[in-house]
Amino acid sequence: MRRTKQIEENSIVGINMAPIINVALVLVIILIITAPILSIPSIPVNLPRAVTIEAKERNVTISYAKDGRVAIDTQVISWKDLVPKLKYRLKEDDKALVIIRADKDVPYGEVEKIFDIVVKKVGAKRIAVATEQRREFRKVFK
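Just so you know, we're using numbering that gives the first Met the number 0 here: the sequence shown kicks off at 0 and counts up by one.
It is possible that some hints are incorrect.
Claimed, not checked - Restricting the straight-line Cα-Cα distance to at most 25 Å, the calculated cross-link-like pairs of lysine-lysine (BS3-like) are: (1) Lys120 x Lys86; (2) Lys94 x Lys65; (3) Lys90 x Lys120; (4) Lys90 x Lys103.
No lab work stands behind these hints: they were computed from the structure.
Predicted, not measured: the structure shown is a model, and the values here were computed from it.
From just these sequences and the hints, can you work out the full model?
In C-alpha cells, the structure reads:
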C-alpha cells in the first residue's frame with residue numbers, strides 16, 4: 000500500500016491542453032482561409048490587369064458583368080435602382096470612393112455609361128476603376 004500512495008503523490012493531475020490548443024488553431028486557420036471568400040461579390044467579373052494599390056477606406060463597389068447584370072457591393076440590382084441606391088450609399092459617406100468593377104469583355108461605351116451615372120446623376124467625387132494586379136515574371140532560364 001505504501002507504494003500506491005507514493006505513485007499518487009508524484010502523479011500530475013490535470014487536463015492535457017495540447018489537443019484543445021490544436022483544435023483551436025485549426026479553427027483559426029479555417030476562419031482565416033474562408034474569410035476572403037465571404038467578401039467576393041455575387042456576380043463574376045473578369046477584371047483587366049494593371050498595377051494596383053490597396054484601398055484602405057470604406058468604398059462602394061459597382062460591379063458590371065459582361066451579361067449586363069449590375070451590382071452594388073454584393074447586392075445584384077436592376078439598372079433603374081442603380082441611381083437611388085448609389086445616392087443612398089453616398090449620402091452615408093459623401094467622401095466614399097466609388098470603385099467600378101467592369102468585366103474586361105464589356106465594351107468601353109457601356110462602362111462609360113456607368114461613369115456618367117456615377118458622376119453626373121449621383122455626383123460622386125472620388126472614382127476608381129478596379130483591375131487585377133499584373134504579375135511580372137522574370138526569366139529564370141535563358
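Here is what the structure says about each hint:
At most 25 Å may separate the alpha-carbon atoms for a hinted pair to count; lysine 120 and lysine 86 meet this at roughly 9 Å. Using a Cα cut-off of 25 Å, the hinted pair lysine 94 and lysine 65 is violated, with the two alpha carbons roughly 29 Å apart. With a CA separation close to 13 Å, the supplied pair lysine 90 and lysine 120 stays within the 25 Å bound. The hinted pair formed by lysine 90 and lysine 103 fails the criterion: a straight-line CA distance of about 30 Å is larger than 25 Å.
Checked against the numbered hints listed earlier, the structure breaks hints 2 and 4; every other hint is satisfied.
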